[in-house]
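Student: Going down the list, the sequences are from chains A and B. Take the first sequence: its letters are residues 1 to 383, numbered as in this note's numbering. Take the second sequence: its letters are residues 1 to 544, numbered as in this note's numbering.
These aren't lab readings, by the way, just hints derived from the structure by calculation. A few of these clues could be false.
Across the chosen pairs, the derived CB separations fall in these ranges [stated by the list, open to error]: (1) A/L11 <-> B/Y372: 25 to 31 Å; (2) A/Y343 <-> B/L359: 46 to 52 Å; (3) B/S233 <-> A/S22: 52 to 58 Å; (4) A/N28 <-> B/M251: 51 to 57 Å; (5) B/E417 <-> A/L9: 45 to 51 Å; (6) B/R358 <-> A/R175: 19 to 25 Å.
If you want the footprint, here are the derived chain B segments under chain A, 3+ residues with CB under 8 Å [to be verified]: (7) 342-350; (8) 359-370.
Each residue gets a CB set at the ideal place from its N, CA and C atoms; glycine is no exception.
Chain by chain, the residues run as shown.
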Amino acid sequence: MRRLNMVFLLLVCTLFTSSCWSRREIENLGFVMGIGLSKTDKGLYMAVAQVANPEAIAAEAPAQRDVYTVIKTEGLTVFDALRNLSLLAARRLYLAHIQTILIDESIAREGIGEVVGFLVQDMEIRLSSQVFITKTDPEDILDSPNILGQIPASVLEIAAKNYGANSKIYVSDLRRTVEAVNSPVMNYTTTLVEKIPSPTKYDKDRLMLTRIAFFHHDRLRGYLDYEEGQSFNLITNNFKNGLIVFEYNQTGDKITIEILKAKTKITPKYENDKVGFDIELKVQGNVAERITQRHQVHELNIKSAQEQLNQVLEDKLRKAVKNAQQKYSIDYFNLSKDFSKKYPKEFKAIKTQWNDIFSTADIHIKVESTIIHSALNINRGRI
Amino acid sequence: MKGSMFDFVKGILSRAGNKKHKVISIDNHLSSEDLPLFFSDNIDRNIEMLHSLTCNSDDMVFKTFHIATLPSMKAVVVFIENLIDSSILETSTLSPLTIGIGERPLEERTLLSSDVETLIEKILLNIHPAFLSDVKQSMDAILKGNGILLINGYPKAISIDISRLVGKKYAEPKAEKAIKGPQEGFVEDININTAMIRRKIKSSHLAVKALHLGRESNSEIRIVYMDNISHSSIVEELLRRLNRINVDGIMSSSNIEEYITDAPTSLFPTTFYTERPDRVAPMLLEGRVAIICDGSPFVIVVPAIISDFFITTEDYYQNYYFSTLNRLLGYGGAVILAFLPSVYIAVITFHQEVIPTRLALTLAGTKAGVPYPAFVEALLMEVAFEALREAGIRLPTHLGQAVSIVGALIIGQAAVEAGLVSPAVVIVVAATAIFSFTMPYSNFTLSLRIIRFFNMALAATLGIYGIMTGALIIALHLISLRSFGVPFMVPFAPVSLQDMKDWILRFPQWAITKRSSHIIKNNINKKTDRLKPHSSINERKEYL
Numbered sequence: 001m002r003r004l005n006m007v008f009l010l011l012v013c014t015l016f017t018s019s020c021w022s023r024r025e026i027e028n029l030g031f032v033m034g035i036g037l038s039k040t041d042k043g044l045y046m047a048v049a050q051v052a053n054p055e056a057i058a059a060e061a062p063a064q065r066d067v068y069t070v071i072k073t074e075g076l077t078v079f080d081a082l083r084n085l086s087l088l089a090a091r092r093l094y095l096a097h098i099q100t101i102l103i104d105e106s107i108a109r110e111g112i113g114e115v116v117g118f119l120v121q122d123m124e125i126r127l128s129s130q131v132f133i134t135k136t137d138p139e140d141i142l143d144s145p146n147i148l149g150q151i152p153a154s155v156l157e158i159a160a161k162n163y164g165a166n167s168k169i170y171v172s173d174l175r176r177t178v179e180a181v182n183s184p185v186m187n188y189t190t191t192l193v194e195k196i197p198s199p200t201k202y203d204k205d206r207l208m209l210t211r212i213a214f215f216h217h218d219r220l221r222g223y224l225d226y227e228e229g230q231s232f233n234l235i236t237n238n239f240k241n242g243l244i245v246f247e248y249n250q251t252g253d254k255i256t257i258e259i260l261k262a263k264t265k266i267t268p269k270y271e272n273d274k275v276g277f278d279i280e281l282k283v284q285g286n287v288a289e290r291i292t293q294r295h296q297v298h299e300l301n302i303k304s305a306q307e308q309l310n311q312v313l314e315d316k317l318r319k320a321v322k323n324a325q326q327k328y329s330i331d332y333f334n335l336s337k338d339f340s341k342k343y344p345k346e347f348k349a350i351k352t353q354w355n356d357i358f359s360t361a362d363i364h365i366k367v368e369s370t371i372i373h374s375a376l377n378i379n380r381g382r383i
Numbered sequence: 001m002k003g004s005m006f007d008f009v010k011g012i013l014s015r016a017g018n019k020k021h022k023v024i025s026i027d028n029h030l031s032s033e034d035l036p037l038f039f040s041d042n043i044d045r046n047i048e049m050l051h052s053l054t055c056n057s058d059d060m061v062f063k064t065f066h067i068a069t070l071p072s073m074k075a076v077v078v079f080i081e082n083l084i085d086s087s088i089l090e091t092s093t094l095s096p097l098t099i100g101i102g103e104r105p106l107e108e109r110t111l112l113s114s115d116v117e118t119l120i121e122k123i124l125l126n127i128h129p130a131f132l133s134d135v136k137q138s139m140d141a142i143l144k145g146n147g148i149l150l151i152n153g154y155p156k157a158i159s160i161d162i163s164r165l166v167g168k169k170y171a172e173p174k175a176e177k178a179i180k181g182p183q184e185g186f187v188e189d190i191n192i193n194t195a196m197i198r199r200k201i202k203s204s205h206l207a208v209k210a211l212h213l214g215r216e217s218n219s220e221i222r223i224v225y226m227d228n229i230s231h232s233s234i235v236e237e238l239l240r241r242l243n244r245i246n247v248d249g250i251m252s253s254s255n256i257e258e259y260i261t262d263a264p265t266s267l268f269p270t271t272f273y274t275e276r277p278d279r280v281a282p283m284l285l286e287g288r289v290a291i292i293c294d295g296s297p298f299v300i301v302v303p304a305i306i307s308d309f310f311i312t313t314e315d316y317y318q319n320y321y322f323s324t325l326n327r328l329l330g331y332g333g334a335v336i337l338a339f340l341p342s343v344y345i346a347v348i349t350f351h352q353e354v355i356p357t358r359l360a361l362t363l364a365g366t367k368a369g370v371p372y373p374a375f376v377e378a379l380l381m382e383v384a385f386e387a388l389r390e391a392g393i394r395l396p397t398h399l400g401q402a403v404s405i406v407g408a409l410i411i412g413q414a415a416v417e418a419g420l421v422s423p424a425v426v427i428v429v430a431a432t433a434i435f436s437f438t439m440p441y442s443n444f445t446l447s448l449r450i451i452r453f454f455n456m457a458l459a460a461t462l463g464i465y466g467i468m469t470g471a472l473i474i475a476l477h478l479i480s481l482r483s484f485g486v487p488f489m490v491p492f493a494p495v496s497l498q499d500m501k502d503w504i505l506r507f508p509q510w511a512i513t514k515r516s517s518h519i520i521k522n523n524i525n526k527k528t529d530r531l532k533p534h535s536s537i538n539e540r541k542e543y544l
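Next comes chain A alone, as it looks inside the complex (with noise of 0.2 Å):
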């Protein structure tokens, strides 16, 4: 009996303990879908948060404006600007479903550690949501209503979710950027987001991002073009699909080649207290358009094309390895974590001036292509 009472004893104890007490209605909580940190010129951190607003998304035909709204406090901190935010929410703000995280150029200047540690340590927000970088307030890059109805954080999220339809940016998520932030050496990398005006008056602004932005460990540097973006999404591994295109140097026809598949194998190297890397890309692509040189048909050989784009693809990695190595002083591919599993104890010695270290690295590349697919051959497309 007196077991069976402990028993009982430690069953209610659990009821207690299951974090599961506060019960909250779903129509009562305010969805928060993105926030946006930046700085004012006093000192203090500002906070926007985009709610959503659920009747507008049920009801019919939403209006554009409609389905989410802006809030905007400032704080001592991070958290108590979110904290003030809650003066003025008129529901309590739910931090789970956040899809987007925009962090001001001024504050990733500084360093965006403490700001992250933040978010982690909330424990609402979910590890998945998307980190940009914004050059304008945030507030600018929430409150752009678009045609179609969608909240703008969603929009971003989805942008970054597709971003290997072209692979020339690279979005990381809170997972990665607190992993980023907390590693002493590693160096974070992520997307500018930007507004640009609308094609006609009648529509909007749209939301774009437009380079990659990377940093010295947390704090911001510099930005990287598309052709840059490319290459380090191909050192990367990140490389998902995308287009190259060059002109065909036997005919002038420009060729635009769509990689499939790409894979990059790193080779560190350690000699003579001499820091090496062996980089080896491998794509696969087909001919995916070809725009002739006077309309004249003709065969393509598809092994001087190959022997040609890897010329290309080789080119554009040296080049952007250069920049890192010679413009910027920053190992923003990451090199390190290569190095470290290979030479684990060297690399313990040398870690505190890596970067200095790689940008007097050795590094060759080599690119091996296949382009598999000939149907756009003679015929090109046509029938």
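Position chain B relative to chain A; hints supplied.
Tutor: Then chain B, alone, in the frame of chain A:
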């Protein structure tokens, strides 16, 4: 855990053991049957022999009379009640042999007595008399619905065709409908019900035992089982439990169920009932025992296990791929019935983070105008539905069920438009309702219906954690249940892969060759192996 592992290993061992003596057991059975057995001159010995061959079944009738020859001969007609037509017996056999002969001239009566065969052929011409010296053959004749005439001093049995014409005069099963199967169901008459089972299993091993229960009502109860398959301890235990029942009246088989069940306070039924003879017959062949109660068209079957409540006879009349899907739908439906409303409540009041973002926003949007918490909302709709369902049953036609579903939906729509409940709740309640009708045996569904409310309350107070607690309690309870010594959760726990073939999935008929070792102890093979149809290469050539 340790115990279940042990059982599992034991199960494997016993299965391996069965393989060894598989052929022998079938052969043994056949050889004892094949031994020829002949009638003797002594009528009492013959009667004794037939008695023992039919497992002393109580629906066997031995009607003694005297053929009015000079001197009169003692004779016995043996038949199974209700398989024969008693008026044909009277007009074609009994009255010609007694009154008919009695009215003939004296010399003819004495003369005829000397040669039995001529006498019988002359008098019983219309009912095709056949003279059988083999006991086995005459046994078959009885089971087919013929009568057997035994005459003192004559070492043969005379088979007479007095069988009842089988027409479609039995009730159509109401709750357990089958599209492709036979449309006959049990009726209120115990004799007809016994005969229905006899017609399905024409075996001398089918034992029928009768007893009377109820001091005042004096209702007749019959238990039916296969003498060579059923485990004797189950039969003995059942008889013990039945004899315990000392009440004033037994009105229906459901009354008996409550007196003999293993878990009298459990929500779950540990006895099974059906109204279809084609459901009872295969269960008898599995080694179960059926209880027929006079005045009730439902036959109880014990021991019952959980999968019985998910099997329909229709499964065996359809393609087995489809039937397997149907079974899985049934099991999935049971889980949905018990847990869907509670999961909805838990997710919407505690765990909004697990809902996909778009769905969460839509749910929040549609629930915005509703003044009640999700639990009250769901409870309101569930109670409304239960009330409508109950009202639907009271409606005169069987259409009531459909009417109640439609009613619930209409009420749901009105409630949504009035802003009392959100549309999501209506969907949840409707889905639950539909799944509650997919299972054919309402007593199990009723248990799940009650559990659903219990789970809803847990979900409203403790969220998913509460549901998990509830599920754990239910699982522990189910696993601890037994029906006449057989674990109720077979083949889930203890795991029995062999039994899953027929009880969870529906393997083709040729692949289910064994009876469950959880229900019977010997005679485990019900079919020979290698029954899968195939054509050899030579045959194929021939057909081409």
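Student: None of the hints should be skipped; say for each whether it holds.
Tutor: Cross-check of the supplied hints:
For A/L11 paired with B/Y372, a C-beta distance near 30 Å keeps the hint of 25 to 31 Å intact. Hint check: A/Y343 to B/L359, Cβ distance near 49 Å, so the stated range 46 to 52 Å holds. The supplied range of 52 to 58 Å is met by B/S233 and A/S22, whose beta-carbon atoms lie about 55 Å from each other. Hint check: A/N28 to B/M251, Cβ distance near 54 Å, so the stated range 51 to 57 Å holds.
Roughly 49 Å separates the CB atoms of B/E417 and A/L9, a value that falls within the hinted 45 to 51 Å. Hint check: B/R358 to A/R175, Cβ distance near 22 Å, so the stated range 19 to 25 Å holds. Taking a C-beta to C-beta cut-off of 8 Å, the region 342-350 of chain B contributes 3 residues in contact with chain A, enough for the three needed, and the coverage statement holds. Using a Cβ-Cβ cut-off of 8 Å, 10 residues of the region 359-370 of chain B lie near chain A, which meets the minimum of three, so the contact claim holds.
Consistency with the previously given hints is maintained throughout, with no hint failing.
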